[in-house]
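Just so you know, the sequences run in chain order A and B.
Going by this note's numbering, the residue at position 275 of the first sequence is 275; the numbering climbs one at a time, nothing skipped.
Going by this note's numbering, the residue at position 81 of the second sequence is 81; the numbering climbs one at a time, nothing skipped.
If a hint is listed, it holds; no wrong ones were tucked in.
Here are some, though not all, of the chain B residues that point toward chain A, as calculated from beta-carbon distances under 10 Å:
id, residue
1, PHE25
2, TYR46
3, TYR92
4, LEU94
Calculated lysine to aspartate or glutamate pairs in the EDC-like style (CA-CA distance at most 20 Å, straight line):
id, chain 1, residue 1, chain 2, residue 2
5, B, LYS36, A, ASP163
6, A, LYS148, B, ASP40
7, A, LYS148, A, ASP258
8, A, LYS148, B, ASP45
9, A, LYS91, A, GLU68
10, A, LYS167, B, ASP45
11, A, LYS91, A, ASP180
12, A, LYS228, A, GLU217
13, A, LYS91, A, GLU283
14, A, LYS228, A, ASP214
15, A, LYS63, A, ASP53
16, A, LYS232, A, ASP222
In case anyone wonders, no lab produced these hints; they're calculated from the structure.
Every value quoted in this text rests on a predicted model; they were computed, and no experiment measured them.
We treat Cβ as the ideally placed atom computed from N, Cα and C, and that holds for glycine.
These are the residues of each chain, in order.
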Amino acid sequence: MSTAAIDGPAAQKSQLTRSRVRSAWLFLLPMLIVILLIAGWPLARTIWFSLTDANLSGLSNVKFIGLENYLSYLDYGDGDGEWIGVLADGKWWTSVWNTISFSVISVTLETILGLAIALVLNAKFPGRALVRTAMLIPWAIPTIVSAKMWGWMLHDQYGVINDMLMKVGLLAAPLAWTADNDLAMTSVIMADVWKTTPFMALLILAALQMLPSDCYEAARVDGISPIKVFFKVTLPLIKPALMVAIIFRLLDALRVFDLIYVLTSNSEATMSMSVYARQQLVEFQNVGMGSAASTLLFFIVALCTIIYLVAGRVRFDNN
Amino acid sequence: MWQRRILGYIGLYMLVAAVVIFSVFPFYYAIVTSFKSGSDLFRVDYWPHTLNFINYVAAFTEQPFHINIFNSVIVAVAVVVLSLFLGVTAAYALGRVHLWPYHPAADHSRGCPCFRRWRYCPGCLS
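The task is simple: from the sequences and hints, build the whole structure.
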């Protein structure tokens, strides 16, 4: 099939092309229907519930209340009143801040560590395949299991992390890693970095493997130092793949739930937006507020993606 | 010259060892802990002292772990079959006919022909 037949002007489109397009839509139909059912419908339902007074005990007769779940002024009638709704909740803003700082710090650390690991594993040495497999272990373990593992390792009395740090003399007394409000976020980031660095390393390694060798030969002939080669050759060449890897991880980190929920439960020090939404929806049975929080989470993730694309100067133009 | 090479090898293998320890240690520690029972659990050990399989037996006798494995297999098979079917049909349609906006089979050699010339188009990355 020539390209003219694919995207030529409409006037030139033959009968064959039209039937091809028709059958293409037929082939696309199953996927479109499934996506509509498993992604479109729940999303629309959540946005709808966020505009109602839905409660977990009675989802059948809900009342439309506009944007009251987001923000509304509750008038006491005596000239006094207060703002209510998700946007007026200090805990929501804490969870937004927690989520964003968690995402930025852990994705930064994962990128640097992943890059370092990918560079090491890109070198040729015997046993490389084995080391690459070992590197993937953290990523292969389910998040719930690795969160439980880290919860045990970070245990304040019986944890191996405290034991190790005390043995090498970095700590005088054991720390309550997950219970201490100042340390809880560090613990969560530690577990997340351990768990998802292999993902970054794998994507970066795949990019490194595809680099052309002639740039490196030219650099060697010119006697350029390895550090300069890394910053002037390697980094610009893998930048597109790196940007994609970072945005995958960023989108994943912004909706973090299981790791934080297993490690620190509903603690306000580490509460993420998803944990907040779950608490509103399941514990407080307030489906309206929970859906409003979920909808806001959706928009905040979209906003972060746009900021990243603009700030990272991801150009949509090839020139 | 050869001293530098040997130093380079030592450095590389130290880095490799660091990567392996970083990745494997928590999993290794979970395995070591899995062989312990009773009050031994509350003592930090870096090496397995006894090989006690009681926890592995308990997973099957006290919990229906065989059913859990069976459930996982059913889910895995069903998900692979269903998503392959949906993905293959959709990919065939998108690959053979230029609908919108991204056309995997398009010629990427002279820049991206995709919708708005997206720089990070999956077809252009490879």
